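Asks: The lines below spell out each chain.
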Amino acid sequence: MSSEDHSKSYVNVLAALAVGTAVTVGVSLLDLGHWGNIALGLLIATIKASLVVLFFMHLKYEQRWWAGIVLFPMLLVMIIIGSNLADTGLNGKNRGGDLLSDPLPVIPHAGQAGSAPAHH
Amino acid sequence: MEQAAAAPGHGEDDHVASFERARLAMWLFLASEIMMFGAFIAAYTVLWMSAPSGEGTAFDKHHLSWKIACFNTGVLILSSFTMVKAVESISKGLRSKCEDYMIATAALGTLFLGVKMYEYSLKFADGLGPDTNVFYGCYFLMTGFHGIHVLIGVILLIWCAFYVKRFDQHHYAHVENLALYWHFVDLVWIFLFPIVYLLK
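Chains as they are written, first to last, in our numbering: chain A, 27 to 146; chain B, 126 to 325.
Here chain A stands alone, though its shape is the one from the complex (with noise of 0.2 Å):
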């Protein structure tokens, strides 16, 4: 981290952060569309949080590889969520699955297909 004054930027960063938080609140009172809404809403909370992690956090001054540290597991993350939106029903929006309502397929265990189940 360097140890120059960043008083000015913090500064700016509040503002930006306070303004970020009145569009987000302006934004979801718009009927942008359901995935419009969703959309615009989680990109302006990354916009924010990047300059959290960038200013305050001073990351923009450190060694640039640190940022995979933070980038990697959101990453992962990003992924986790990626991989399992298939299975959901996408509000309704999308053939799919629904968890919260199916029932739970019965799949038979591997050399059992179309056998009785063992009763003892």
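Be aware that a few hints might be false.
To be verified - Have a look at the derived ranges for each label pair, beta carbon to beta carbon:
hint, chain 1, residue 1, chain 2, residue 2, range
1, B, Asp185, A, Asp31, 45 to 51 Å
2, B, Gly239, A, Gly108, 15 to 21 Å
3, B, Phe287, A, Leu69, 38 to 44 Å
4, A, Leu55, B, His296, 47 to 53 Å
5, B, His296, A, Val49, 36 to 42 Å
6, B, Leu236, A, Trp92, 29 to 35 Å
7, B, Gly239, A, Met104, 33 to 39 Å
As the list claims (entries may be wrong) - Derived DSS-like pairs: lysine-lysine, alpha-carbon spacing no greater than 25 Å straight-line:
hint, chain 1, residue 1, chain 2, residue 2
8, B, Lys192, A, Lys34
9, B, Lys241, B, Lys192
10, B, Lys217, A, Lys86
11, B, Lys241, B, Lys325
12, B, Lys325, B, Lys186
13, B, Lys222, B, Lys290
14, B, Lys217, B, Lys290
15, B, Lys192, B, Lys248
16, A, Lys34, B, Lys222
It should be emphasised that the hints constitute simulated quantities derived from the structure, not laboratory data. Just so you know, these numbers come straight off a predicted model, no measurement behind them. Where a beta carbon is used, it is the ideal one built from N, C-alpha and C, also for glycine.
Assemble the complex: chain A is given as a structure, and chain B must be docked to it using the hints.
Replies: Just chain B, lined up with the frame of chain A:
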């Protein structure tokens, strides 16, 4: 000892390296925290996307007050600013100013927790709890874990402010790392606010 005496300035290099190691360790800790809150948000997202949206559904959020949450967002953002000013002050050797900013940050964190308790009390008064449905289960889990992080941060801030005499412009790794933790807590809330309260 002889080696240290034979190499003037070597101790300062050691100090700089240890300061950098301390920050790196904190970043690695925060990476594990990203995974923890990321797992919560991932579970919430999958459940959210699995439910039909709109009123009368499991994810009907009309009982939540976005105004209270918005106020709390402002409080946390302001506390992040006072925290970064605390680090700036101690990096210039201004102990008293650093102490003031840390106490201000702790006060804002306490205000956040007070408002959060008030918000919880409204939910309980309406008969809404973690066992109401899947949404309120996620809501109390995510905001509760976040609240515990804020509480830990407030305790550490008070501790750090109490021992501020131990720090100066060359030795303030504790303050810097506490600031990283506090900003992370703010960062989590920046995502929780729209995801939990605003997006339908």
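Asks: When you check the alpha-carbon spacing of B/Lys192 and B/Lys248, does it fall within 25 Å?
Replies: Answer holds: B/Lys192 to B/Lys248 is near 15 Å, not above 25 Å.
Asks: Between the alpha carbons of B/Lys241 and B/Lys325, is the straight-line distance 25 Å or under?
Replies: Since the Cα atoms of B/Lys241 and B/Lys325 sit roughly 21 Å apart, the hinted pair holds (cutoff 25 Å).
Asks: Are B/Lys241 and B/Lys192 close enough, with their CA atoms no more than 25 Å apart?
Replies: holds, 12 Å
Asks: Given a hint of 33 to 39 Å, does the C-beta separation of B/Gly239 and A/Met104 actually sit inside it?
Replies: Hint holds: Cβ distance 34 Å, inside 33 to 39 Å.
Asks: CB of B/Asp185 to CB of A/Asp31, is that within 45 to 51 Å?
Replies: Distance hint for B/Asp185, A/Asp31 holds at roughly 49 Å.
Asks: With respect to the beta-carbon atoms only, verify the hint that A/Leu55 and B/His296 lie 47 to 53 Å apart.
Replies: Holds: the Cβ-Cβ distance is about 48 Å, inside 47 to 53 Å.
Asks: Against the range 15 to 21 Å, how does the distance between the Cβ atoms of B/Gly239 and A/Gly108 compare: consistent or not?
Replies: violated, 37 Å
Asks: Within a Cα-Cα threshold of 25 Å, do B/Lys217 and A/Lys86 meet the stated pairing?
Replies: Given pair B/Lys217, A/Lys86 holds - Cα atoms ~20 Å apart, limit 25 Å.
Asks: If I claimed the Cβ atoms of B/His296 and A/Val49 lie 36 to 42 Å apart, would that claim hold in this structure?
Replies: holds, 40 Å
Asks: Go ahead and decide if the range 29 to 35 Å is satisfied by the Cβ distance of B/Leu236 to A/Trp92.
Replies: Given a distance of about 32 Å, which is inside 29 to 35 Å, the answer is holds.
Asks: For B/Lys217 and B/Lys290, compute the direct alpha-carbon distance and say whether it is at most 25 Å.
Replies: Given pair B/Lys217, B/Lys290 holds - Cα atoms ~14 Å apart, limit 25 Å.
Asks: Does the alpha-carbon distance linking B/Lys325 and B/Lys186 stay inside the 25 Å limit?
Replies: holds, 7 Å
In this structure, the earlier hints numbered 2 and 8 are contradicted, and the remaining ones agree with it.
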